[in-house]
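These protein sequence lines map, in sequence, to chains A and B.
With the first letter of the first sequence counted as 1, position 144 gets the number 144 in the working numbering; the numbers rise by one all the way through.
With the first letter of the second sequence counted as 1, position 195 gets the number 519 in the working numbering; the numbers rise by one all the way through.
Just so you know, these hints were derived from the structure itself, not from any lab.
Each residue gets a CB set at the ideal place from its N, CA and C atoms; glycine is no exception.
Hints may contain errors.
[Stated by the list, open to error] Among the chain B residues that face chain A by a calculated CB cut under 7 Å, a handful are: (1) D354; (2) T416; (3) R450.
[Claimed, not checked] Over the 10 Å line for every Cβ pair with chain B, so calculated as not near, a few chain A residues: (4) R126; (5) A279; (6) M301.
This is what each chain is made of:
There are 2 protein chains.
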Amino acid sequence: MKKSPEFSLIQQYFHALTANREDVIVGIGDDCAVLNNPQDFYTAISIDTLVQGIHFFADVDPYRLGIKALAVNLSDLAAMGAEPAWFTLALTLPEINDEWLKQFSAGLADIAQQHRIQLVGGDTTRGPLTITIQVHGHLAKDNILQRNAAQTTDLICVTGCLGDAAAGLQYKLGQLDTAPLTDTDIEYLLQRLEMPTPRNQIGQQLVSKAHAAIDVSDGLLADLNHILHASNKGAKLNLSSLPFSPVLQKLPLKLATQLALTGGDDYELCFTAPAENVAKLKQQFPKMIRVIGEITQDKGMYFQNAQGEWQAFSKIKAGYDHFA
Amino acid sequence: MKKSPEFSLIQQYFHALTANREDVIVGIGDDCAVLNNPQDFYTAISIDTLVQGIHFFADVDPYRLGIKALAVNLSDLAAMGAEPAWFTLALTLPEINDEWLKQFSAGLADIAQQHRIQLVGGDTTRGPLTITIQVHGHLAKDNILQRNAAQTTDLICVTGCLGDAAAGLQYKLGQLDTAPLTDTDIEYLLQRLEMPTPRNQIGQQLVSKAHAAIDVSDGLLADLNHILHASNKGAKLNLSSLPFSPVLQKLPLKLATQLALTGGDDYELCFTAPAENVAKLKQQFPKMIRVIGEITQDKGMYFQNAQGEWQAFSKIKAGYDHFA
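With the rest of the complex left out, here is chain A (with noise of 0.2 Å):
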């Protein structure tokens, strides 16, 4: 019935990723972790948990589950458009294994190195395998970037690929037909469901070019229709721009799409935009920015039909509520 102030796991384990950044004045050891923030800078959190047997499998590779358990987090950082600095862990573990904690933590010290982010706190209790982590960014004062600044004929953009993520999981759960893909096909959808892939450098550069913007953990839909809900505004979306690729490409038009709308997921971002900064991110990043539509005045979510009509979404699924 106590709690443990001690890190001596964290320590053992999460050694590698206790260092290096100057703006860490006290790191983990002590009660709390001190932090420098920057001048003119706002501080940028979320905090997300992993349950096993709910967000993953039991059986995941323990260093791909260390990557996503920070690439989540990463995720809404980079939706915020927040640099990325330091970030906790609270650790809940059935026993003490060492193999999965060197896994575990050589997979969070990659991602975490890649992003340039450091672990300054954490608790590790016994329980069922659980893993809570918060993300600090800085953000800077004049820009925040929010879901509720849309504006009418901003371009819809979404990074990356869709669906990929929830192919990986049809294939996990055995629901998903496998006749036209290769076993490296199936290792690629795997990999974009256990190593999902956080787009921070494009967040950080839609600071100042976008009106708002989303990661996409739920199913384009779902998270599209928070920014319209945020902004009070429509969209029109052309369902044959959506990117797919080329795993997906291989599997029915019907599925792809129904997995890149619905799926979730992904982690790439959704957001809003005007035409002529689209064009400089396009730019900036080839082959990354895809448009897939348009914000409108009036409320709600429509597409184009095989005959060219404007058809609205007759059911827009909501966003997964883990109590549904």
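With the hints as your guide, set chain B onto chain A.
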């Protein structure tokens, strides 16, 4: 296999906790919270997880659990002398229990309001009951209260009373001889276990008056030992000075002493300071500060036995390890 970026549950039950601080630029509901740090202050942060069955009993009153979940984190800010500002809540729940959530959030709201700390972010997931809270506080840059700055001849002090929570735990486990105690006494012990009082007001005064501080979560000896180890010092303790509540005084002295030294879960502060500053603190906080010993150049922890001789503690109980 997806996370929920939505905070509908948090917005529904924790709404009262999410308002009122002007330094919250973006609160709950976007990808990140955006926070405005005061100039010339560091940010102190701490994260702690409470797991059902490890840190609290399944039958604990949810209102009290709400208080404790934040209290143990506020206590870390107190030990650092930081002023509470913001917190995040990652809540893993086996089910949506309306009555439980109402009670839990009411407890959380009451202690949050008391300490002017605002809920700025959160995540709700399904799984075994686990509560992770991260607190953020402001810390003037010229005063950081760490564990490593105890000076020889500093007086060793504690706030409040020690051992009550441990006695409450023994009662819950059916290990306490309750013959000397009334029902009111037992309720008092349970309250100390289930609703500890973080000492933030005193902690904020310590930054200018104490050399080193820690909160007593794992038992006085274990936590004082962290100060001694970090400061490279030793201590002489006067066991007859240990602060016992009137209820603990009804128990056999040997048991009360053992509970106070090794019991833990007190969430009082243990600090070291020069005698003149201790005198000032005693005036400022009457009856709340007790001198229990002195910092020594020679390492080790000693106490005076019945014959007046100094004896080493033969066994300093190490910090509670959830994996021991």
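When the structure is checked against the list of hints, which entries are broken? Sort them ascending. 4
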